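Here's the letter readout for the chains.
2 protein chains.
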Amino acid sequence: MGSRYAIGLDYGTNSVRALIVDVADGREIATAIWTYAHGHQGVVLDKDPNLARQHPADYLKGAEVTILEVLAFAAKTVPGFKSESVVGIGVDTTGSTPMPVGADGIPLALDPKWTANPNALAWLWKDHTGWAEAAEITKLAAEIRPQYLAKIGGTYSSEWFYSKILHCIRTAPEVFDAAYSWIELEDFVPAALSGTLAPGKFIAGICAAGHKAMYNTAWGGYPDKEFLAKLDPKLAGLRDHLTPRVKDVSSAVGGLSAEWAKKTGLPAGIPIAVGAFDCHLGAIGAGVKPGVLVKIIGTSTCDITVKVNTDKLADVPGVCGIVNGSVLPGYFGLEAGQSAVGDIFNWFVEYVKPAGLGHVELTAEADKLKPGESGLVALDWNNGNRTILVDQRLTGLLLGQTLYTTPAEIYRALVEATAFGALTIINRFEEYGVKIDEVINCGGIAEKNAFIMQLYADVTGRPMKVSRSAQTPALGSAIAAAVVAGAHKDFASAQAAMTGLKEVVYQPDAAAHAVYAELYTIYRTLHDAFGTTSGAANLAPVMKRLMDIRDRVRSA
Amino acid sequence: MGSRYAIGLDYGTNSVRALIVDVADGREIATAIWTYAHGHQGVVLDKDPNLARQHPADYLKGAEVTILEVLAFAAKTVPGFKSESVVGIGVDTTGSTPMPVGADGIPLALDPKWTANPNALAWLWKDHTGWAEAAEITKLAAEIRPQYLAKIGGTYSSEWFYSKILHCIRTAPEVFDAAYSWIELEDFVPAALSGTLAPGKFIAGICAAGHKAMYNTAWGGYPDKEFLAKLDPKLAGLRDHLTPRVKDVSSAVGGLSAEWAKKTGLPAGIPIAVGAFDCHLGAIGAGVKPGVLVKIIGTSTCDITVKVNTDKLADVPGVCGIVNGSVLPGYFGLEAGQSAVGDIFNWFVEYVKPAGLGHVELTAEADKLKPGESGLVALDWNNGNRTILVDQRLTGLLLGQTLYTTPAEIYRALVEATAFGALTIINRFEEYGVKIDEVINCGGIAEKNAFIMQLYADVTGRPMKVSRSAQTPALGSAIAAAVVAGAHKDFASAQAAMTGLKEVVYQPDAAAHAVYAELYTIYRTLHDAFGTTSGAANLAPVMKRLMDIRDRVRSA
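Protein sequence lines, in the order shown, are assigned to chains A and B.
Just so it is clear: in the first sequence, position 419 is 418 by numbering that gives the first Met the number 0, and no numbers are missing.
Just so it is clear: in the second sequence, position 152 is 151 by numbering that gives the first Met the number 0, and no numbers are missing.
Each computed BS3-like pair below joins lysine-lysine, with the alpha-carbon atoms no more than 30 angstroms apart:
#, chain 1, residue 1, chain 2, residue 2
1, A, Lys367, B, Lys352
2, A, Lys352, B, Lys447
3, A, Lys352, B, Lys369
4, B, Lys125, A, Lys369
5, A, Lys46, B, Lys369
6, A, Lys125, A, Lys352
7, B, Lys367, A, Lys352
8, A, Lys60, A, Lys81
9, A, Lys447, B, Lys352
10, B, Lys369, A, Lys125
11, B, Lys46, A, Lys369
12, A, Lys46, B, Lys367
13, A, Lys352, B, Lys352
14, A, Lys367, B, Lys46
15, A, Lys369, B, Lys352
FYI, nobody ran anything at the bench for these hints, they're computed from the structure.
Please read these numbers as outputs of a predicted model, since none were measured by experiment.
The task is simple: from the sequences and hints, build the whole structure.
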């Protein structure tokens with residue numbers, strides 16, 4: 000038997016990537032990227048800065064274009080490769096990115112009648128138009144269904160499923176009324192590839208359902224109708240049209256349809272794995288298992304670990320999501336994250352533009368400094384705080400400036416702030432019984448930035464390891480494909496064969512860590528003072544009052 | 000009788016200015032500037048960044064050069080002007096800027112034996128080598144002479160007389176032992192011009208003596224010998240050589256000596272007024288009187304007002320100096336200040352270099368913003384806080400950054416922070432019974448920057464007026480000269496005749512002030528949290544711990 004391959008499809012914010020992986024050893028033999036055609040860099044915008052939509056046609060076109068490209072490349076470059084060597088397809092996507100669909104399961108936006116209406120498009124994860132509805136959902140749940148909040152860190156986000164749909168009900172009822180149901184992007188792509196979009200056939204992934212739609216078998220699946228009806232009777236009505244078939248990534252939604260086999264040249268019937276979010280399959284591609292924290296570091300971070308689901312697991316306050324099977328089958332998936340990491344450094348370079356220096360020069364200068372020598376400390380809240388405060392209405396802080404403070408000192412303080420934020424997440428996991436023995440990093444910063452990785456090691460006092468693959472989400476999707484195709488008996492053996500680490504490991508420097516341990520107590524004092532009402536010094540109203548004044552002035 | 004003129008000599012940090020003023024109406028007919036010849040821009044530096052010295056020879060050379068130049072210019076340009084039309088000379092200087100002198104009153108540094116020793120030079124106001132001694136003096140006074148501290152805001156500064164001399168005793172005893180006494184620059188120049196340097200002839204000004212040497216008739220003049228001896232017996236010995244003749248600027252120290260008459264061509268015997276600090280005579284030149292606050296705004300600010308000295312005046316906590324007669328005879332002089340104003344804006348432009356923008360571009364952009372719209376607030380402590388916290392170990396803070404915060408927003412927040420600092424000083428005066436009815440600004444920023452002046456009006460809710468003269472210290476010195484020459488019967492009538500305001504008055508905008516009133520409560524919350532131990536939220540240790548760590552790391 001020749002080599003067998005799996006395809007991972009990774010749907011990002013601006014583009015989709017296809018990756019062909021050898022199921023025997025994880026070797027990545029071909030990759031292709033296609034940027035979505037609609038909107039600005041694939042995102043349909045509006046004068047309302049909260050709005051961010053995508054056109055579902057791009058999702059279908061992207062699958063076709065990238066699959067054809069990787070197959071052609073592999074056929075040309077890998078001896079013996081044939082399309083028939085592909086045994087399965089896995090899919091990861093952004094989320095929560097729901098879209099309204101008709102009674103046939105087809106997105107409304109693919110109907111010419113609706114295609115120009117932005118409310119009929121997919122509501123991209125970073126669409127925050129439902130911010131008021133999010134607050135309403137959080138408030139109601141706190142009053143009558145506190146158990147719902149306990150698994151999502153205590154706050155229902157404006158980025159999530161019901162916030163968006165409720166906002167559509169309120170502001171675009173003609174769209175809501177024309178739709179039969181709503182589907183997450185994570186579920187749309189596998190269903191489309193397997194021809195299972197129609198009601199009664201369609202399978203949803205536990206990842207989106209559990210993390211964004213408050214699906215939990217402990218309370219019978221989706222939130223109950225009484226709860227939904229208090230938000231809006233139409234939302235309660237929608238519950239009847241949400242699929243009760245919710246599975247984890249060890250299942251297939253079906254086989255590749257004849258239509259898609261024809262389009263791509265792949266064998267009809269090869270299994271399509273249940274979809275999941277990019278970070279969750281990315282964690283699998285990085286080698287997540289109990290005791291391992293995977294940090295996917297980009298403009299923001301996603302921090303994922305798992306815990307055996309037979310263990311007793313207390314709720315972990317401030318951790319955005321705890322969902323059984325959302326990452327690896329048989330394990331609780333725990334998802335935390337930082338609202339901005341690379342975005343903060345980008346802000347400093349692209350908005351403040353200090354001395355015209357770029358990341359490379361600032362990094363070189365910042366790397367020459369010793370921990371603590373600048374006298375600066377910052378809070379990493381320029382985009383709010385996802386974990387452990389779950390509060391978007393927080394802002395940045397820089398403290399300690401003199402008349403001689405330099406850009407490199409500020410840059411380093413911003414990097415340190417994100418490291419302190421990362422440590423706060425690790426500490427929170429461990430405080431609630433989720434032991435972290437190993438940290439594996441992936442994403443562009445982990446790949447390319449030795450300064451930041453070393454600083455993270457020094458701040459956390461833990462070795463920082465880096466995933467071997469530079470495209471862990473697509474690799475994770477390919478692993479899911481390999482498992483549902485039977486190429487490996489389970490995820491553990493698939494991960495053992497197909498994932499790995501880079502040789503470099505950033506070891507913490509004891510002297511640097513000692514200084515950072517001191518600085519962290521200062522960070523934590525400020526964190527608690529400005530971010531909580533339980534700190535010894537309560538300055539929690541400060542940032543919110545400033546934002547209230549700002550919003551009032553800007554809207555006047 | 001033809002017009003009569005007075006000369007004001009203004010000794011700054013880098014240069015000396017001479018100004019000829021018509022005593023009838025304050026018209027400024029000639030001015031000349033000479034940069035000191037020694038050191039870098041007139042300041043002798045060292046690898047120790049705390050060290051800043053000046054050569055006394057520059058003070059003498061500067062008087063000669065600039066007086067000759069203004070006389071020549073006036074003779075050429077003003078019909079009927081003759082050197083004989085000059086009726087007196089006044090002198091203002093930086094301070095505390097003391098220098099060691101021999102038994103003849105001549106500075107040691109003028110002796111070739113000592114001229115190369117930096118400790119034998121004048122110890123410029125911004126020399127902070129005596130920082131440890133300052134803390135020692137404050138500590139001892141707090142224990143056994145709290146009344147000394149009550150008049151100087153509670154803390155004895157490293158910039159002041161005894162800190163410097165005690166540091167000389169400790170670190171350069173050969174210099175101290177070779178000196179008969181020490182003289183302030185403020186007193187040296189008038190004594191040199193009048194030939195009264197010798198012990199027994201020499202008169203000191205109350206301004207330096209009161210503000211920097213803790214001279215107060217309430218306790219018999221200089222600090223008592225018991226107190227000084229506890230610091231160092233040599234300091235107690237020095238007290239016997241400090242002149243007991245201490246006067247305010249309504250007195251002359253003597254007449255112009257024959258030697259200086261010959262050097263300059265001025266009439267011998269014309270009176271030389273007692274010297275004072277630049278800000279104090281600057282306040283006179285700007286029109287200070289009870290109810291008027293004069294703000295001299297430059298890299299830092301000096302904020303001066305006066306109160307009738309028959310009034311009951313409580314100590315004003317945090318106000319650096321309250322000295323009877325230090326500004327206007329017959330009034331308490333009250334001196335406050337901000338440690339950095341223009342210096343903070345300069346830091347942002349010259350160190351952070353945001354987007355390569357200069358003050359002009361940043362001002363234009365910042366001026367387009369509305370109060371509160373950036374969501375930012377800053378603390379103006381990049382160089383510590385002189386009033387009302389009297390604490391050099393404080394640092395800057397910027398709060399409210401998002402991923403879109405711009406340089407102009409930060410620049411405006413820094414300007415606002417200095418305005419909030421200014422308001423805090425005004426409020427403190429009024430809280431302790433020193434009513435401020437009118438604010439007159441002078442200095443480069445007041446002259447040239449309508450944006451900042453309008454913002455100060457909006458933040459304080461008070462009209463901001465600007466002094467007519469652009470060189471109020473030299474004008475104030477000329478006013479003192481006019482008074483001691485008998486050209487006016489007193490300072491009030493001299494000021495009425497010789498000072499004035501520019502036509503422009505910056506009126507507060509009610510809507511802007513309303514927003515700033517809200518923002519000020521936030522500023523004040525942060526100010527009290529980080530700057531005091533009495534705020535509702537006590538974060539006072541934060542900045543100091545960061546500085547301790549920084550200092551330790553830097554010195555490791």
